[in-house]
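Residue numbers (our numbering), protein chains in the order written: chain G, 942 to 1262; chain V, 87 to 355.
Don't read these hints as lab results, they were simulated from the structure.
Glycine residues also receive a C-beta, built at the ideal position from the N, C-alpha and C atoms.
Be aware that one or more of the hints could be misleading.
Below 27 Å or equal to it, Euclidean Cα-Cα: the simulated BS3-like pairs (lysine-lysine) are [stated by the list, open to error]: (1) 1173(G) - 248(V); (2) 224(V) - 1250(G); (3) 1228(G) - 1057(G); (4) 206(V) - 248(V).
DEER-style ranges, computed between Cβ atoms [claimed, not checked]: (5) 1171(G) - 151(V): 21 to 31 Å; (6) 107(V) - 1109(G): 28 to 38 Å; (7) 1159(G) - 260(V): 19 to 29 Å; (8) 1101(G) - 318(V): 54 to 64 Å; (9) 230(V) - 1157(G): 12 to 22 Å; (10) 1250(G) - 106(V): 39 to 49 Å; (11) 101(V) - 1113(G): 44 to 54 Å; (12) 163(V) - 1108(G): 38 to 48 Å; (13) 199(V) - 1101(G): 35 to 45 Å; (14) 227(V) - 1176(G): 18 to 28 Å; (15) 227(V) - 1013(G): 27 to 37 Å; (16) 227(V) - 1065(G): 34 to 44 Å.
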Amino acid sequence: MVSAVFHSPLEAAPAARGGDKAKARDAGPAPSAPTHNMTNPTSTPSAAQAVAPDTPARAPWDASFLWLAVLPPLLGLGLLALVWELVFMGTGGSIPSPKDTLMQAVQIFSDPFYSKGPNDQGVGWNVLSSLKRVAMGFGMAAVIGIPVGFMIGRFNFLSRMFNPLISLLRPVSPLAWLPIGLLVFKGANPAAIWTIFICSIWPMIINTAVGVQRVPQDYMNVARVLNLSEWKIVTKILFPAVLPYMLTGVRLAVGTAWLVIVAAEMLTGGVGIGFWVWDEWNNLNVKNIIIAIFVIGIVGLVLEFALIKLATAFTFEEVKN
Amino acid sequence: MTSFTTKYIEIQGVAQTFKTRKGPFRALQNINLTVAKGEFVALIGHSGCGKSTLLNLIAGLTTPTEGSLLCANREIAGPGPERAVVFQNHSLLPWLTCFENVYLAVERVFSATENKAQLKARTDAALAMVGLTAAAQKRPGEISGGMKQRVGIARALSMEPKVLLLDEPFGALDALTRAKLQDELLQIVATTQSTVVMVTHDVDEAVLLSDRIVMMTNGPSATIGEVLKVELPRPRSRVALAEDIRYLGYRKAVIDFLYTRQGHVEKAA
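Let's have the full structure, built from the sequences with the hints guiding it.
Below, the structure is given as structure tokens:
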């Protein structure tokens, strides 16, 4: 069973509010740390409190803030650049240096939306068409998976009926379904969407079902004592109680979908970030491959972060657990 | 129908057995009890003696393995709003405000006969009765334990139930808050003339609030050990009763039962 609990380094990290955009952009897996205390670096603690009396809980500016929130992520990125530079020197230049890649990236991102035929389009178009495939496959998976999850969670019979099927099919790599998709849909694009659909549907079914099964008995007792209608039970008790689990399923599904789309597009071709990687490999343009890896990583990070924010907004004290 | 007011709730030969991994567990047996209309009955006993099990049976949340339960001459077939329950852990829905939590109950019972403004007025009145008008728009996560329990009581009372079932409603509260809520409950019950069955493990609470105290033997296979009639005049005052010789006598009787005759909890468990 997929764990339906939020576990992510992002969750614990405070959101960046206001302040220095350059720093916020640098922030890697542990983003942000509020930077607005930095605006008054020379002030003494008492002066800082006088300047910002509306943030009494926050510790006054000191070295430990810099030490823990800003320095480690920067050091991490620095380490990455260092290893990369060493690899560049060790391989005699077949892997491009960070500096060259950065310059290439600036050039690529200066015109992300050009289009010179189906096989040569800007990085913006490639990312957008990948996102579109993910959205379509994922959307269909949500439309089918969430109701199915509700049914499986609510009725023990269905749960026993579908559990063996899900257990059998879930571990299969989504790419194994690609030939079936090609055969049935007779096209690369629908086959890629089909693959996304298959890989997104399992986490959504399983998490929704687990959520329904874990609705606290207390709430159901309230429903029974008040003799609520089935509609009220679903809207006032089941749905709000299951929502956090469901959103976890959505988050897992989107994460997997984003992993799978790159591989699927490498196989199917067309326009898309995965195809772009493969195309640049055929052109032996390693700089662009590395840029694509960063783009894939950043888009995945943004998707994950947005969904975690969404999930915490709908999670209430008692069900957080 | 002559017996209607003296036998409002009738429990006849009830036994309850739970299936567990170690085999059947007999929680209750041979329970016979009647509660008159407007009577306040406390169920007291050591933890694990099946007090809450008995209350759940009256609420209709569980069905007995043997025997029958009647309320107003009808068999209790399932839970319903005419027998409102105040749960031990308040059981408020965390995504609704206090107002919405109460409104859910009010709407269920009265929406057929009353308009929205009346339903809203009922909800406001119920919250005002427990002194929570100011917190109406807060979520359960934002208020204290005592306030949550009050919302639970307001929700139960707002339905104008025939029977009010309280499952250790003040068990998780500190002594001062508990005393305050007990006094409020005394007043509310005096005004509404409700029939109340309350589970408690607090001797003072039982003597102060109830007309009869039902003392239960230790589980497993718990049953009613003794029933004590509390004949103290109402309205009762906590302060005046503290030195009342009859009050002390009732208190002594309950303590005697709980600690002298049913003192071996650990051995039984």
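Status of each hint after checking the structure:
Only pairs whose Cα atoms come within 27 Å are accepted, and residue 1173(G) paired with residue 248(V) is accepted, the gap being roughly 23 Å. Distance hint between residue 224(V) and residue 1250(G) is fulfilled; the C-alpha atoms sit about 22 Å from each other, no more than 27 Å. For the hint pairing residue 1228(G) with residue 1057(G), the CA-to-CA distance comes to about 20 Å; that is within 27 Å, so the pair holds. About 21 Å separates the Cα atoms of residue 206(V) and residue 248(V), which keeps this hinted pair within 27 Å; it holds.
About 28 Å separates the C-beta atoms of residue 1171(G) and residue 151(V), a value consistent with the hinted range of 21 to 31 Å. Between residue 107(V) and residue 1109(G) the beta carbons are some 29 Å apart, a value that agrees with the proposed interval 28 to 38 Å. Residue 1159(G) and residue 260(V) have their C-beta atoms about 22 Å apart, which keeps the hinted 19 to 29 Å range intact. Evaluation of the 54 to 64 Å hint for residue 1101(G) and residue 318(V) yields a pass: the beta carbon distance comes to about 57 Å.
Restraint check, residue 230(V) to residue 1157(G): a C-beta distance of roughly 21 Å satisfies the suggested window 12 to 22 Å. A hinted range of 39 to 49 Å for the beta carbons of residue 1250(G) and residue 106(V) is consistent with their spacing of about 44 Å. Hint check: residue 101(V) to residue 1113(G), Cβ distance near 52 Å, so the stated range 44 to 54 Å holds. The given range of 38 to 48 Å is respected by residue 163(V) and residue 1108(G), whose C-beta atoms sit roughly 39 Å from each other.
Hint check: residue 199(V) to residue 1101(G), Cβ distance near 44 Å, so the stated range 35 to 45 Å holds. Checking the proposed 18 to 28 Å range against residue 227(V) and residue 1176(G) shows it holds: the Cβ atoms sit about 20 Å from each other. In this structure the hint that residue 227(V) and residue 1013(G) lie 27 to 37 Å apart at CB holds, the actual value being about 33 Å. For the pair residue 227(V) and residue 1065(G), the beta carbons lie near 43 Å from each other, so the given range of 34 to 44 Å is met.
In the structure shown, no violation is registered for any of the earlier numbered hints.
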